[in-house]
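Novice: Here's the letter readout for the chains.
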Amino acid sequence: MKVTRRDFFSYCTGAAATLGLASTLAPLEKALAASSGPPVIWIKGASCTGCTVSLANRISSTAPVDLADLLIHTIDLVYHPVLMGAAGSLAVQTLQNAAAGKFILAVEGGIPTLYNGATCTIYSQNGVDVTALAAVQQLAPKAAAVLSIGTCASFGGMGAAAPNPTAIKSLSAATGVNTINVPGCPPHPDWIVWTIAQLLAGVTPALDSNRRPTTLYGQTIHSQCSRRDSNWATSLASTGLCNGNLGCKGRQTHADCPTRQWNNDVNWCVGTVTSNGNGTDSLCQGCTEPGFPDKYAPLFSTLGATPASDHKVVDHTTCMTCHTSGRPD
Amino acid sequence: MAQITIVDPVTRIEGHMKVQVTIDTVGGKQQVTDAQCTGTQFRGFEKILAGRDTKDAPYVTQRICGVCPVSHATAASIALEHAAGVTVPTNARILRNLVLGANFIQSHILHFYLLAALDYITPPASAPWTPTWNVDLMRSSSMSQIVTNFVTAVTMRREAHEMAAIFAGRMPGLSGIQAGGFTAKPTSSMISAFTGYLNTLINFINNNYVPDAQLLSNTYSDYHSIGKGPGNLIAYGVFDLDDTANPAKLLKRGVVYNTAPTSVVTLSTANITEMVTNSWYDNSTNNLNPTKGTTITVDPATKTTAYSWLKAPRYKNLPCEAGPLARMWVNGSYRTGISVMDRHMARALETQKVADAMLGWLSSLKVGASEYTPVTAPFSKAGEGLTEAPRGALGHWLTTAASTTLAPNGTTAIGNYQIITPTCWNASPKDTNGVRGPIEQALIGTPVSVAAQPVEVLRVVHSFDPCMSCAVHVMRPDGKPVTVINAQPEF
Numbered sequence: 000m001k002v003t004r005r006d007f008f009s010y011c012t013g014a015a016a017t018l019g020l021a022s023t024l025a026p027l028e029k030a031l032a033a034s035s036g037p038p039v040i041w042i043k044g045a046s047c048t049g050c051t052v053s054l055a056n057r058i059s060s061t062a063p064v065d066l067a068d069l070l071i072h073t074i075d076l077v078y079h080p081v082l083m084g085a086a087g088s089l090a091v092q093t094l095q096n097a098a099a100g101k102f103i104l105a106v107e108g109g110i111p112t113l114y115n116g117a118t119c120t121i122y123s124q125n126g127v128d129v130t131a132l133a134a135v136q137q138l139a140p141k142a143a144a145v146l147s148i149g150t151c152a153s154f155g156g157m158g159a160a161a162p163n164p165t166a167i168k169s170l171s172a173a174t175g176v177n178t179i180n181v182p183g184c185p186p187h188p189d190w191i192v193w194t195i196a197q198l199l200a201g202v203t204p205a206l207d208s209n210r211r212p213t214t215l216y217g218q219t220i221h222s223q224c225s226r227r228d229s230n231w232a233t234s235l236a237s238t239g240l241c242n243g244n245l246g247c248k249g250r251q252t253h254a255d256c257p258t259r260q261w262n263n264d265v266n267w268c269v270g271t272v273t274s275n276g277n278g279t280d281s282l283c284q285g286c287t288e289p290g291f292p293d294k295y296a297p298l299f300s301t302l303g304a305t306p307a308s309d310h311k312v313v314d315h316t317t318c319m320t321c322h323t324s325g326r327p328d
Numbered sequence: 000m001a002q003i004t005i006v007d008p009v010t011r012i013e014g015h016m017k018v019q020v021t022i023d024t025v026g027g028k029q030q031v032t033d034a035q036c037t038g039t040q041f042r043g044f045e046k047i048l049a050g051r052d053t054k055d056a057p058y059v060t061q062r063i064c065g066v067c068p069v070s071h072a073t074a075a076s077i078a079l080e081h082a083a084g085v086t087v088p089t090n091a092r093i094l095r096n097l098v099l100g101a102n103f104i105q106s107h108i109l110h111f112y113l114l115a116a117l118d119y120i121t122p123p124a125s126a127p128w129t130p131t132w133n134v135d136l137m138r139s140s141s142m143s144q145i146v147t148n149f150v151t152a153v154t155m156r157r158e159a160h161e162m163a164a165i166f167a168g169r170m171p172g173l174s175g176i177q178a179g180g181f182t183a184k185p186t187s188s189m190i191s192a193f194t195g196y197l198n199t200l201i202n203f204i205n206n207n208y209v210p211d212a213q214l215l216s217n218t219y220s221d222y223h224s225i226g227k228g229p230g231n232l233i234a235y236g237v238f239d240l241d242d243t244a245n246p247a248k249l250l251k252r253g254v255v256y257n258t259a260p261t262s263v264v265t266l267s268t269a270n271i272t273e274m275v276t277n278s279w280y281d282n283s284t285n286n287l288n289p290t291k292g293t294t295i296t297v298d299p300a301t302k303t304t305a306y307s308w309l310k311a312p313r314y315k316n317l318p319c320e321a322g323p324l325a326r327m328w329v330n331g332s333y334r335t336g337i338s339v340m341d342r343h344m345a346r347a348l349e350t351q352k353v354a355d356a357m358l359g360w361l362s363s364l365k366v367g368a369s370e371y372t373p374v375t376a377p378f379s380k381a382g383e384g385l386t387e388a389p390r391g392a393l394g395h396w397l398t399t400a401a402s403t404t405l406a407p408n409g410t411t412a413i414g415n416y417q418i419i420t421p422t423c424w425n426a427s428p429k430d431t432n433g434v435r436g437p438i439e440q441a442l443i444g445t446p447v448s449v450a451a452q453p454v455e456v457l458r459v460v461h462s463f464d465p466c467m468s469c470a471v472h473v474m475r476p477d478g479k480p481v482t483v484i485n486a487q488p489e490f
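Going down the list, the sequences are from chains A and B. Each residue of the first sequence is one higher than the last, beginning at 0 in numbering that gives the first Met the number 0. Each residue of the second sequence is one higher than the last, beginning at 0 in numbering that gives the first Met the number 0.
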């Protein structure tokens, strides 16, 4: 299955319009005219499959509208151990055929190095168990682009938390290959789809110092949060209040969750009282950042005093602006 | 004549696992005569949890599994509440049931259509579903209805997650379930949105999923006598129906022995031990109850008699099957048989039962009621959290200790943490007594038509919905490979 140019261009147009990136349309159009995009090989290292489950939650008004559309019309996902029909040698043959040509490598999960990687073997070749470590060291240098899907592949993530029992490394540290990182525990399906779409079109997105696309990870959660200037909450389950003093990591965490929302716009971790009234009133866990989770442990610890520039505390019990405009406290 | 195929990986399973199968001809019929299950991934969550703030446990443990994070967050919360001696408010109990129920629906639909059905149907003609083994597929033209519903199922499982996220925050990786309750306050519009999703899903379950499972069960009726396993069933029970310390449950707790399949025995977790004789853990940790358990790995190269990263949990020294069939059997809701097809039927009927119950729970939610009080367990306490993941009984056991660097400022830290997952029950290796685990036992006797493409082995393994990726090594009776069919070239 090749990229359907019409669908793909439609997606890129929609995405670009949504993100205000009209200037990127011309190169995309040019790339699509020349190529239908290389196949994608998706390898799972030491992972929980949460990234794949999140990808399956893709839903959009623009193509690919969902997982089925993505797989049937947009990307040629030749190898994915959870989704593929083939098993065993047929699966590995498919992987090998794709790896002989131009391909994009996507890796979900960290790369264990304890016992030479023996705590995670992912397939066998000529009767020998192949570790995730050996597999990515073979594949990554040959790939046209290498994607770290999720925080484990990007930075080590939960599996690398102290005492890092299996000596997990990030994909780039394990292979020496520069990766494009799409962190999140899990990452939003739109972040995965957007980044793969860029690469299929031959476009390398602008990256920050942690090699995350700036389009997706350019701003902090806090700076986009509707609770930013609200009163401090003294307990979770405080509708609409800022959880910064309770351990919310939004001030240091880069992602667009507050504006993008999750699961077809129904909610997100901190929770916004949206037009449909949903609100979870919990914490941003800092899951897109290097060092997650230890950098933020305990997860209910606070980041310290919030600079005044970062939070204009409004006391809604006295603020007549809000009261007169009908804003709920 | 026996021949060797190396099939690795077995796909459409969460995680990493391998099953080694011996195939021989017995009584004129080619079949599996021996089997070994190997968990090929170890991440050491129990070690990661030690020393952390107790309140981090629901966040950390959900990362064990992206398919059943709700169950881990629930088990961790229950264990901490048990250690602190508290129960959660009514609304929190109901919200947890609703989010957990939503994830049961998500997981069961995902399993039937996207993971298991491809062992029986000709899949959509594109990657990643094609190519596939083409052995004994589509026995009946009526099975085209399952192919048709395949794409709809992608939508349905996504919507089940959206339904969960209304209260949970996001799925997977939820933030709503915490020790001490549930952070979301339900509003009437949240309840209304949840109800809308649930009615759509109930419609799909009643009109598509259950009929499709029944069709598969009828069409492949020989699989009602394939893949039984030990016949011992274990269920911790799930979906609390009241706020007492020992609540009634929608799906009851209990154990059923193969020797007396109609009598349900009261479960006592004191009877659970984990054996490590054939696992890559230090033998000094053998046969411990999870309240005393510890996790000390050894290099596989130095313990060559072992063959798995999974420990072997046993109940009174017996291997037990966990999962929807065990739950429905213990509950008295499904007792037709124990087999590949009975697992699919029990899973489908359980989905229906849970979804129907959820409608009732929604109507008893109190709008806007507070249901979260942070819990800090005191030092030197023990907690046990028993619940069910979609694929079977899940237990967390912990002790609390004084503060550490990861739990500073007088907060309570986790001392020891032990987790027994449902797949640990089902895919366990041989125990100290040489008794095989449930999937190993279920595989023995399974007929295999084409040894190079043993789809029958996949069907047995997939019926348990293991939370791992499997590899299947098919070996000669003497265990030595003589030929390798479809050897994989270097790349």
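Because the hints were derived from the structure by calculation, they are not lab data. All figures in this text were calculated on a predicted structure; none of them were measured in a lab. Please note that a few of the clues may not be correct.
[Unchecked claim] Computed spacing ranges between beta-carbons, pair by pair: (1) A:Gly-175 with B:Thr-301: 28 to 34 Å; (2) B:Thr-301 with A:Asp-309: 49 to 55 Å; (3) A:Thr-258 with B:Asp-33: 44 to 50 Å; (4) A:Asn-177 with B:Thr-403: 34 to 40 Å; (5) B:Ser-139 with A:Lys-294: 51 to 57 Å; (6) A:Ser-234 with B:Phe-378: 19 to 25 Å; (7) B:Leu-214 with A:Thr-258: 53 to 59 Å; (8) A:Asn-177 with B:Asp-281: 36 to 42 Å; (9) B:Thr-431 with A:Thr-258: 52 to 58 Å; (10) B:Val-25 with A:Arg-259: 34 to 40 Å.
[What the hints assert, rightly or not] Stretches of chain B that chain A covers, calculated by requiring three or more beta carbons in the stretch to come under 8 Å of a beta carbon on chain A: (11) 255-261; (12) 296-307; (13) 325-336.
A virtual CB, placed ideally from N, CA and C, is assigned to each residue, including glycine.
Novice: Next step is simple, just say for each hint if it's right about the structure.
Specialist: Now for the hints, and whether the structure bears them out:
Distance hint check: the CB atoms of Gly-175 of chain A and Thr-301 of chain B are about 29 Å apart, consistent with the given range 28 to 34 Å. For the hinted restraint 49 to 55 Å between Thr-301 of chain B and Asp-309 of chain A, the CB-CB distance of approximately 53 Å keeps it satisfied. Checked against the given bound of 44 to 50 Å, the beta carbons of Thr-258 of chain A and Asp-33 of chain B, roughly 56 Å apart, lie outside it. Taken as a hint, the range 34 to 40 Å holds for the pair Asn-177 of chain A and Thr-403 of chain B, whose Cβ atoms sit roughly 36 Å apart.
For the pair Ser-139 of chain B and Lys-294 of chain A, the supplied restraint of 51 to 57 Å holds, since their beta-carbon distance comes to about 56 Å. Range check, Ser-234 of chain A to Phe-378 of chain B: Cβ separation about 23 Å, and the 19 to 25 Å hint holds. Separated by about 45 Å at the C-beta atoms, Leu-214 of chain B and Thr-258 of chain A break the suggested range of 53 to 59 Å. The hinted range of 36 to 42 Å is satisfied by Asn-177 of chain A and Asp-281 of chain B, whose Cβ atoms lie roughly 39 Å apart.
Taking 52 to 58 Å as the suggested C-beta distance range, the pair Thr-431 of chain B and Thr-258 of chain A conforms, at roughly 56 Å. Between Val-25 of chain B and Arg-259 of chain A, the C-beta spacing of about 58 Å breaks the proposed range 34 to 40 Å. Check on the region 255-261 of chain B: 0 of its residues sit with their Cβ under 8 Å from a Cβ of chain A, so the three-residue criterion for coverage is violated. Here's how the region 296-307 of chain B fares: 4 of its residues keep a CB closer than 8 Å to some CB of chain A, so the rule of at least three is met and the hint holds.
Closer than 8 Å: that is the beta-carbon criterion, and the region 325-336 of chain B has 0 residues meeting it against chain A, so the requirement of 3 is violated.
Of the numbered hints given earlier, the model fails hints 3, 7, 10, 11 and 13; all others are met.
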